[in-house]
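Visitor: In case you want the letters, here they are:
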Amino acid sequence: MKIIISNASQKPIYFQIAEQIKNQIISGELKEGESLPSIRKLAQELQISVITTKRAYEELEKEGFIDTVGGKGCFVAMQNKELLREKKMKMVEDKLSNAVAEAKLLGVRLEELKEMLTLLYKEDE
Amino acid sequence: MEYTVEIENLRKEFKGFTLKDVSLRIPKGYIMGLIGPNGAGKTTIIKLIMNLIRKNSGRILVFGKDHIRYEAEIKSRIGFVYDVPPFYEDLKLKSTASAIAPFYPEWNQQLFLKLMDEFELPLDKKLKKLSHGMKMKFSLCLALSHHADLILMDEPTSGLDPVFRQELLERLSHIMLDEEKTVLFSTHITSDLERIADYITLINNGKILFSKALNDVLENWVVIKAEKDLLEKKDIPGIMGYQKTEYGIEILTSDVKKARTLLPSDSITEKASLEDIMYFTNKGDNNA
Amino acid sequence: MLKHIRRELIFNQTQLYIFAGYMIIFWIWVDWQDISFRFSLLFLSFVLPLFCAASIQAREERFKAWTLNCSLPTNRKTLILARLVTSWLLIFAALVFGLLFSALFQENPAFLSQFLELKSLLIFLLLSSLFLAFLLPFVIRFGLSGVIIGLVALQILGVITLLLTSMSGNKENILRSFIHSVINAVKFLLNHDPTPAYLLLLLVSAAAINAFNLKFSQFLFLRRDF
Amino acid sequence: MALEINKLRKEYSDFILKDISLKLPSGYIMGLIGPNGSGKTTLIKLILNMTQRKSGEIKIFGMDNLIHEIEIKSRIGFVHEEPHYYSYLKVKEIRSLFSRFYVNWNDDLFYSLCGEFNLPLDRRISALSRGTKMKLSLALALSHNADFLLMDEPTTGLDPVFRRELLRKFTEIIQNENKTVLFSTHITSDLERTADYITYIQKGEILFSCTKDHLFETWGLVKGENEILDHESKKLFEGIRKGPYGFKALTSDKEKLRRAFSGKNILIEKPSLDDIMVLLSRGEINA
Chain A
1 MKIIISNASQ
11 KPIYFQIAEQ
21 IKNQIISGEL
31 KEGESLPSIR
41 KLAQELQISV
51 ITTKRAYEEL
61 EKEGFIDTVG
71 GKGCFVAMQN
81 KELLREKKMK
91 MVEDKLSNAV
101 AEAKLLGVRL
111 EELKEMLTLL
121 YKEDE
Chain B
1001 MEYTVEIENL
1011 RKEFKGFTLK
1021 DVSLRIPKGY
1031 IMGLIGPNGA
1041 GKTTIIKLIM
1051 NLIRKNSGRI
1061 LVFGKDHIRY
1071 EAEIKSRIGF
1081 VYDVPPFYED
1091 LKLKSTASAI
1101 APFYPEWNQQ
1111 LFLKLMDEFE
1121 LPLDKKLKKL
1131 SHGMKMKFSL
1141 CLALSHHADL
1151 ILMDEPTSGL
1161 DPVFRQELLE
1171 RLSHIMLDEE
1181 KTVLFSTHIT
1191 SDLERIADYI
1201 TLINNGKILF
1211 SKALNDVLEN
1221 WVVIKAEKDL
1231 LEKKDIPGIM
1241 GYQKTEYGIE
1251 ILTSDVKKAR
1261 TLLPSDSITE
1271 KASLEDIMYF
1281 TNKGDNNA
Chain C
2001 MLKHIRRELI
2011 FNQTQLYIFA
2021 GYMIIFWIWV
2031 DWQDISFRFS
2041 LLFLSFVLPL
2051 FCAASIQARE
2061 ERFKAWTLNC
2071 SLPTNRKTLI
2081 LARLVTSWLL
2091 IFAALVFGLL
2101 FSALFQENPA
2111 FLSQFLELKS
2121 LLIFLLLSSL
2131 FLAFLLPFVI
2141 RFGLSGVIIG
2151 LVALQILGVI
2161 TLLLTSMSGN
2171 KENILRSFIH
2181 SVINAVKFLL
2191 NHDPTPAYLL
2201 LLLVSAAAIN
2211 AFNLKFSQFL
2221 FLRRDF
Chain D
3001 MALEINKLRK
3011 EYSDFILKDI
3021 SLKLPSGYIM
3031 GLIGPNGSGK
3041 TTLIKLILNM
3051 TQRKSGEIKI
3061 FGMDNLIHEI
3071 EIKSRIGFVH
3081 EEPHYYSYLK
3091 VKEIRSLFSR
3101 FYVNWNDDLF
3111 YSLCGEFNLP
3121 LDRRISALSR
3131 GTKMKLSLAL
3141 ALSHNADFLL
3151 MDEPTTGLDP
3161 VFRRELLRKF
3171 TEIIQNENKT
3181 VLFSTHITSD
3191 LERTADYITY
3201 IQKGEILFSC
3211 TKDHLFETWG
3221 LVKGENEILD
3231 HESKKLFEGI
3241 RKGPYGFKAL
3251 TSDKEKLRRA
3261 FSGKNILIEK
3271 PSLDDIMVLL
3281 SRGEINA
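Residue numbers (the working numbering), protein chains in the order written: chain A, 1 to 125; chain B, 1001 to 1288; chain C, 2001 to 2226; chain D, 3001 to 3287.
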């Protein structure tokens, strides 16, 4: 599991943690049922306050990404496939809308944008 | 560039520790911060300049003169703040001050009284009744009351609250308006230095690692936070130290421009604080 | 030099009050017990230097004030010179104070007049120079704990010699013979007729001892790290 | 609840600790900050019953600290602001002195800590520097696995590297949920990362005691031109400092402030603990 916290960013630290764990669950890096470090262990590793990691885990639990099993700790929740696909599409959509806004700002026409998109998409194949 | 203090391969041997041929120049008209872990030799250097301890070899020039041959004259132009205030505890503040005042030709009693009032120090109270913080303030009062050209301070802010520390820093920058004055002060509270120091000298177990302008350091030194295996894949230019954690790796590099070109997109680079620099150069998993 | 003496007096003011108290008690005791002149002379020439060397140094050590003294715009040699000069000032002040006190309150003026003779003053000067020349360097080199250990060692030595002599059976005890020799020496000095040559010799030897004391103490003080 | 204080009062000739109340749940680290002479040391000494209180109640591990003083003290690891030890004792000799007092004293832990803090076991304590003496008192306090670490400025005179290690040790300790750490400090950067709760005490009163996250989410450092400050808007601030080029002010409710100043160009940033302290104690409050 990878967590990189930026002290300079405006986003609160618990939010950064929750977001990074969320992305790793959606992208499949964190598999369903995989156990997560306890709140205190994570706090000690990242050298941050226990309250912050607790808050991050509460966020993730509320959004159904993780479950806490009393005594045994936290695990990545069973993501129902449908919900997972939806979240993936949502993430890509956000990124695309940023790109579109940027393109409009810089006066890039739609055709050029489409061309760029297909080029980039084909590149990795 | 004129130098108030010039130290050339200074050597001092103790039972468990040796200051190894230290050379250092403190430019006139600037504030130099001296940082380093406990027992790195900060106090030793300051005491050597003041000739409180005898050097084994090396040369020290203060105001261009040999610090032993012209000891009295040099010391009359130095304001010295000790890490442990060495005053007679059963004496009133004003008697201690009046005992040492005649030794300083430039002693200014009005200035002394003004400072004592500003620092809220009771002239008639015995020293033993004061808290550690107030003793440090008294030590400062004495050092600032005779228009010293060189102010030598050994951890002056330890035990003082942020409010007073800020006032002290404001007073220091006020003093620095007159380009003749020079300040060397060792501290463990690096955030103070980041606000006010012009030059930074990092010393580590008896050797000087670097002595540079502060903004050179703050602009070029960064901490890169990235995925764990970043280091194996790429060789980071200017790497000074790194720390592996469970969820990533933090790398200190002194050359942000070169390093930035090699970094993966999801890594974060943040300005390195002096505390980070000391931590990575001293404690990191390696000493690259 | 004046500022140095003023510094030493201010820094040790509480000590001076205590010492004045001792002096009063001593002079009352001398008068009340009708102590012999010779003994009080010897006693004074030991106690006064002990006070100047040990208790002033003890305060400096306890409050770590030597860092303060050494950081003042002066050098180590002057600091030691100041300490020696202040010591002599205190010794003579205590003597004058005592003599004034006894002149005012004492019954037997003979004791006082004996003290005021040039010869006894010079002898007093010689003896206290000797003690000071031993104590000051000793205290600088070994510090307060050194003095305490030194005094304790002396006592133990005394006890051992007593034990040895009583065991070995011979009557003449080494310690007593040592004390006798000291008293005889003082007797000899006191009975010697006060020829100018003799007085001059006393003065010169006292000066020599002090010069040695100054140089040796400075040498030791320069070596110390604070 | 590791520590519960209600209406604690202590009077000195020139200082009064005014009926302070404070709660610290077990398993967390609380930082105690405030200007010199604001009562931090007094509070800590009262908890340890080293000074007499005038009134009020202190419960530690749920027990009253007067009735169960001995038991409580054996479970507290205490570090004093100015480490006073018999200076002629050697470091290793002080261990035997201490170990007798604590039931679960652990020698190997002490020696491993001495190794970690690289304490010279055979040096006399009088020869140690201030920082090293502090490390010794820390090693002593941490060697009888106390349930409650109570420390008065433990980081004074310690270098940043050691301070980070010490804080790392604190986080290690509170891995066990019934261990708690309360320490006062002047070096607020210690608290910015690992502290869970922050308590700010000034002139004998507690101005706030809350989680660090709550503090940084609700309090704001506001910067703007002096003109937009008027008598009315001043009321929204805890402390203001006017400079030649604009003011710097502290608000305890940045959302409310953002609404009140909407339209005006002000900058609201995350305050550092130093900013909070300076503005609370030196800023002219909206009198």
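Calculated directly from the structure, the hints in this document are not laboratory data. Treat the hints with caution; some may be incorrect.
As the list claims (entries may be wrong) - Derived DSS-like pairs (lysine-lysine); straight-line CA-CA distance at most 25 Å:
1. D/Lys3073 / A/Lys54
2. B/Lys1228 / D/Lys3045
3. D/Lys3023 / D/Lys3045
4. D/Lys3133 / B/Lys1128
5. D/Lys3045 / D/Lys3073
6. D/Lys3203 / D/Lys3264
What the hints assert, rightly or not - Far from chain D by the CB rule (all over 10 Å, computed), these chain A residues:
7. Ile48
8. Val50
9. Glu123
To be verified - Chain D side only, calculated, beta carbon under 8 Å to chain A, not exhaustive:
10. Arg3168
11. Lys3169
12. Thr3171
13. Ser3189
14. Ala3195
Each residue gets a CB set at the ideal place from its N, CA and C atoms; glycine is no exception.
Visitor: Please go over all the hints and tell whether each is borne out by the structure.
Guide: Hint-by-hint comparison with the structure:
| no. | hint | verdict |
| --- | --- | --- |
| 1 | D/Lys3073 / A/Lys54 | 31 Å, violated |
| 2 | B/Lys1228 / D/Lys3045 | 45 Å, violated |
| 3 | D/Lys3023 / D/Lys3045 | 17 Å, holds |
| 4 | D/Lys3133 / B/Lys1128 | 20 Å, holds |
| 5 | D/Lys3045 / D/Lys3073 | 12 Å, holds |
| 6 | D/Lys3203 / D/Lys3264 | 35 Å, violated |
| 7 | Ile48 | 6 Å, violated |
| 8 | Val50 | 5 Å, violated |
| 9 | Glu123 | 40 Å, holds |
| 10 | Arg3168 | 7 Å, holds |
| 11 | Lys3169 | 10 Å, violated |
| 12 | Thr3171 | 4 Å, holds |
| 13 | Ser3189 | 11 Å, violated |
| 14 | Ala3195 | 6 Å, holds |
Figure legend: structure checked against the earlier numbered hints; hints not met, in rising order: 1, 2, 6, 7, 8, 11 and 13.
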